[in-house]
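Number of protein chains: 2
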Amino acid sequence: MTDKNETNSSEQHAQADDITMSGGGLYSLATKGAKDVIDHATPLVVDAINALNLDSSLTEFKMSDMGCADGGTSLSMVEAALNQVRQHAEHADISVVYSDQPRNDFNALVSIVHDLTDFDSYVKRIDRVYPLFSGSSFYLQAVPDNTLHLGFSATAMHWLSTKPANITNHVHMVGASGEELRAFSNQAKKDWETILACRARELTSGGRLVLINFCRDSQGQYLGNTGGVNMFDNFNENWKEFLSQGIINDTEYENMTLPQYYNTVEEFSDPLTNKSSDCYQAGLRLENIETRVVPCPFAEEFKQHNDVQKFANGLIPTIRSWNESIFLAGLDSSRPLPERKQIIEDYYDTYRQQVVTAPQEHGMGYVHAYKSIYKV
Amino acid sequence: MTDKNETNSSEQHAQADDITMSGGGLYSLATKGAKDVIDHATPLVVDAINALNLDSSLTEFKMSDMGCADGGTSLSMVEAALNQVRQHAEHADISVVYSDQPRNDFNALVSIVHDLTDFDSYVKRIDRVYPLFSGSSFYLQAVPDNTLHLGFSATAMHWLSTKPANITNHVHMVGASGEELRAFSNQAKKDWETILACRARELTSGGRLVLINFCRDSQGQYLGNTGGVNMFDNFNENWKEFLSQGIINDTEYENMTLPQYYNTVEEFSDPLTNKSSDCYQAGLRLENIETRVVPCPFAEEFKQHNDVQKFANGLIPTIRSWNESIFLAGLDSSRPLPERKQIIEDYYDTYRQQVVTAPQEHGMGYVHAYKSIYKV
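For the record, the sequence lines run as chains A and B.
Residues 29 to 404 in my numbering are what the first sequence lists, from first letter to last.
Residues 29 to 404 in my numbering are what the second sequence lists, from first letter to last.
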């Protein structure tokens, strides 16, 4: 089997091939913070279900979890959602559509949702629920037109469909400027509109979205930049140091550009409030948007246990779980794979030493925009 | 992660944990014959779609492929089906629900269907089609009530939900007798009724099933018993020889009982024609049933190329792809895994030598019952 590029009949969008979350259930094990974020958002999901005006005549309810990775972080939220649906529509059969890019670890996802692992899945407690899994990323429509009652996504849609440019002085758009920043913001605008256009087609009339996305907030905070060391600046400085030591070369340094964008509240809101936009024309309306900070769970626990090794053993894997595949792919493929892997090990070891040396300076606080959207 | 037993909210049925088809796309590569069988059945699928009386007002069409394994063997059939649906219902969005037990290799399945491999998937040629994947085996309902237009399954439903007994003198029910055979036929009757009951709930009124299942035909033929050496008897004789040589013990010999049952036409038909049965009461009707033999593709090719090594290199992997996991699980778990694996290697090597010595005597011809079923 050789791999071909991802193709689809109707759309060309695809997430970059290099992006994969950790597989085998490790993603959810490592990303306690991502589960905290979803748990904190569960009241918004419950509110959205209440606003759907479901009643006992409903025979089928469909919800989605877009960019679900291994599904472990949303189990509690989905269970709360399903229970809420049944409060209103006690006879409804329920489909839960888990979607992610086709290179996601679907074996881990299916095992976790079907309760074959140590995660505690709702499937054994809620009857007439039909989990379905889709390999269509959120840049594609995953279910037929006008069939989705509730679309959910958390901590996923910051991944751009493609990397629009390398950033020559940083690893992330939060440190970019000028033309390079413009290339990222243009791509992000196009991608956000594509994401919303797909959802506008999927949703029933009156259907709702609860979307929780990384953002830059009004105080300039974003993931890993909520006080203390700025995580992305630290990533960058460590790579720059590797470059100056000759461990990596200029091309590799530039390739280590994360294909992400963190929208502001204004950028998220624009296509949903601008009456001439395609999204608005397609019926999507922004009911509410707010930003929230969820503190780094490992840093919070450290304040209690004060065990610096334990802190580093929690924080570094949570970082690795989402960016290791990108940084590894940035290294020249002419290097033998073991050499590339060693560079990556050394890179995270460097970060780990920094955490151990000054633990109170480090952490990965989450900064999200929470959006409630409906379709007229 | 430790594994737990498969559980489900509403039903206790589950296929035995030991049964897995070869993963990583190997199943479809190894089972050319299984694809031949599906291709031969495609006209039945087309007829079933024509009988659905679809029209251009239809907005959503849903079909399923139950027990799909890695999905490679049904790609051509699904494409033909989708094209036929669009002949009648040109505006319909189409969902294709691929289902298999939750330990199936879903990563291979998603990759193959989404055209990331060398298999040629229809997704790039047909628009508005939404592949969905389900970890609910055919012993469970996979989609909500009254939503499925066409259910398809090929070469899958002979796997029982549980092994009702060990067969003390054979590896398969085709060689069983007395109480042991009765235990298998009772289990098979219950399982077939469960399978049909789930489908009765899934199907729309007027919806259809095309089911292609291993069977024993009116001449007593079945898989691997269409002339020449009887494959299952040969399996059995080789294990008996391993037993007499002390390579395996009595318990292991008995454990090597395949949890399969091959129904006769009468056994398949009974719940669909007996007016007092639950299936009949639920609205399922048998439109047609017939049996067909599809010759072993490797034996057919051998008649042309006459290369005995090539023949054995095709036939043995196709056999291994579906029974290796069962035979391996029959061996005492106190043996080190490498020892168990070596016994299995030696076992298939024995078969391979027999094929090389008398190639014209061997083959795995397919004997299926083809059923067209509808819901009133």
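Careful: at least some of the hints might be erroneous.
Since the list gives no way to pick one copy over another, a pair counts as held whenever it fits inside one copy or between any two copies.
[As the list claims (entries may be wrong)] Once the Cα atoms are required to be at most 25 Å apart in a straight line, the calculated DMTMM-like pairs of lysine to aspartate or glutamate come out as: (1) 217 x 295; (2) 191 x 269; (3) 331 x 280; (4) 218 x 155; (5) 338 x 107; (6) 63 x 352; (7) 303 x 269; (8) 152 x 173; (9) 152 x 221; (10) 152 x 373; (11) 152 x 315; (12) 60 x 208; (13) 218 x 83; (14) 152 x 328; (15) 217 x 360; (16) 217 x 245; (17) 268 x 374; (18) 303 x 148; (19) 152 x 207; (20) 338 x 318.
If you are wondering where the hints come from, they were derived from the structure by calculation, not from laboratory data.
For residue 303 vs residue 269, is the C-alpha pair at or below 25 Å within one copy, between two copies, both, or neither?
This pair counts as neither: shortest intra-copy Cα distance 48 Å, inter-copy 79 Å.
Identical-chain pair category, residue 152 with residue 373, by Cα at 25 Å:
neither (40 Å within a copy, 39 Å between copies)
Please work out whether the CA atoms of residue 331 and residue 280 approach to 25 Å or closer within one copy, between two copies, in both situations, or in neither?
neither (37 Å within a copy, 56 Å between copies)
Alpha-carbon proximity context of residue 218 and residue 83, limit 25 Å
For residue 218 and residue 83, the Cα distance exceeds 25 Å both inside one copy (37 Å) and across copies (36 Å).
At most 25 Å between alpha carbons: which applies to residue 152 and residue 221, within, between, both or neither?
Classified as between; 23 Å across copies, 38 Å inside a copy.
With 25 Å as the alpha-carbon cut-off, assign the pair residue 63 and residue 352 to within, between, both or neither.
Result: close within a single copy only, 20 Å intra versus 39 Å inter.
Indicate which option fits the pair residue 303, residue 148 if close means a Cα-Cα distance not exceeding 25 Å: within, between, both or neither.
neither (44 Å within a copy, 43 Å between copies)
Checking an output row: residue 152 and residue 315, CA cutoff 25 Å. Within, between, both or neither?
Neither. Shortest intra-copy (34 Å) and inter-copy (36 Å) distances fail the 25 Å Cα cut-off.
First find the shortest C-alpha distance between residue 217 and residue 245 inside one copy, then the shortest across copies, and answer within, between, both or neither for a cut-off of 25 Å.
Within one copy only: 17 Å inside a chain, 62 Å across chains, cut-off 25 Å.
At most 25 Å between CA atoms: does that hold for residue 338 and residue 107 within a copy, between copies, both, or neither?
This pair counts as neither: shortest intra-copy Cα distance 31 Å, inter-copy 53 Å.
25 Å Cα cut-off: does residue 152 pair with residue 328 within a copy, between copies, both or neither?
neither (33 Å within a copy, 48 Å between copies)
My question is about residue 60 and residue 208: at a cut-off of 25 Å on alpha-carbon distance, are they close within one copy, between copies, both, or neither?
neither (33 Å within a copy, 51 Å between copies)
Figure legend: structure checked against the earlier numbered hints; hints not met, in rising order: 3, 5, 7, 10, 11, 12, 13, 14, 15, 18, 19, 20.
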